[in-house]
Amino acid sequence: MSSYTALITGSSRGFGKSLAFAVSSKYPNSTIYLLSRPSSHHTETFNNLKKAHTDGTVHKVDIDFNDAADTDNPNNNYINIFKDCIEGIPVPTSSSNKIVLYNNHGTLGHLTASPPLSSVPIDLNLNITSCISLSLLFSSRFPLSSIVNVSSLAALKPFPTWSLYCASKSARDMFHHCLSLSHPTLKTLSYAPGAMDTDMQSHIRLNESDVEMKEAFVKMKEEGKLVDPDVSARKCVELVEVGKEGHVDYWD
-10 MSSYTALITG
0 SSRGFGKSLA
10 FAVSSKYPNS
20 TIYLLSRPSS
30 HHTETFNNLK
40 KAHTDGTVHK
50 VDIDFNDAAD
60 TDNPNNNYIN
70 IFKDCIEGIP
80 VPTSSSNKIV
90 LYNNHGTLGH
100 LTASPPLSSV
110 PIDLNLNITS
120 CISLSLLFSS
130 RFPLSSIVNV
140 SSLAALKPFP
150 TWSLYCASKS
160 ARDMFHHCLS
170 LSHPTLKTLS
180 YAPGAMDTDM
190 QSHIRLNESD
200 VEMKEAFVKM
210 KEEGKLVDPD
220 VSARKCVELV
230 EVGKEGHVDY
240 WD
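Here the sequence shown stands for residues -10 to 241, numbered as in the numbering used here.
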């Protein structure tokens, strides 16, 4: 009998939330783990998904990926929480029992040409260190599995004021590409979901310091050109289903 298990980080809002409901829709008998920092949004998403996902199972995992500075510390909070989470999941022995990590969490950071030095380790620890740590732990326990690194056009193209974000997305893409080369039975997909109509886009339109960048995103919103996150999430889930790997954009 086949099974589907999904672990989705940053699942309380935006694209992560859309991924959770996309998985639920395609795999009604699946087991879904929602991993996000404690918040009212996290609780609300869990409750709503649990009501909708009546034939499957939903787990709520409170986890703060900002606590990513010392991965060698046995008391590191997010490392221990994630280890406990995956150690409670049976290891698939065939491709019919699919398990997928959707590595979605991260931060856009300061939208400025020169971000404060104090933000550099914070942003990179959250965007890179925690992401890599989770993927390493996950791939070690589940060699027959798939990892989705939620990427961005920013992984391939530089944008003014987005230096730390672009660097993070580029690093994540390269890491997962190398990881898949090192583990032949592991499938990795770096999926760029497009410029979506989410809270992140609202934040950009409100706080972007580069005039041309800000005007471009405002125009996209006004002209209805932002991507529906639910539509993009469904495409992502389908790409995983067919075994797509490498960097794939929503518009490809």
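To be clear, the hints were calculated from the coordinates, so they are not data collected in a lab.
Think of the CB as a built atom: it goes at the ideal place given N, C-alpha and C, for glycine as much as any other residue.
Incorrect hints may appear among the rest.
Using C-beta positions, here's what the derived DEER-type ranges look like [to be verified]: (1) Val200 with His166: 31 to 37 angstroms; (2) Leu195 with Ser108: 26 to 32 angstroms; (3) Val200 with Lys72: 44 to 50 angstroms; (4) Gly213 with Lys72: 25 to 31 angstroms; (5) Asn69 with Glu201: 43 to 49 angstroms; (6) Thr43 with Lys72: 38 to 44 angstroms; (7) Lys72 with Lys210: 36 to 42 angstroms; (8) Lys72 with Ser28: 42 to 48 angstroms.
Using 25 angstroms as the maximum straight-line C-alpha spacing, the simulated BS3-like pairs for lysine-lysine come out as follows [stated by the list, open to error]: (9) Lys176 with Lys72; (10) Lys146 with Lys49; (11) Lys214 with Lys176.
Hints violated by the structure (numbers, ascending): When the structure is compared with the hints, numbers 2, 4, 6, 8, 10, 11 turn out to be violated.
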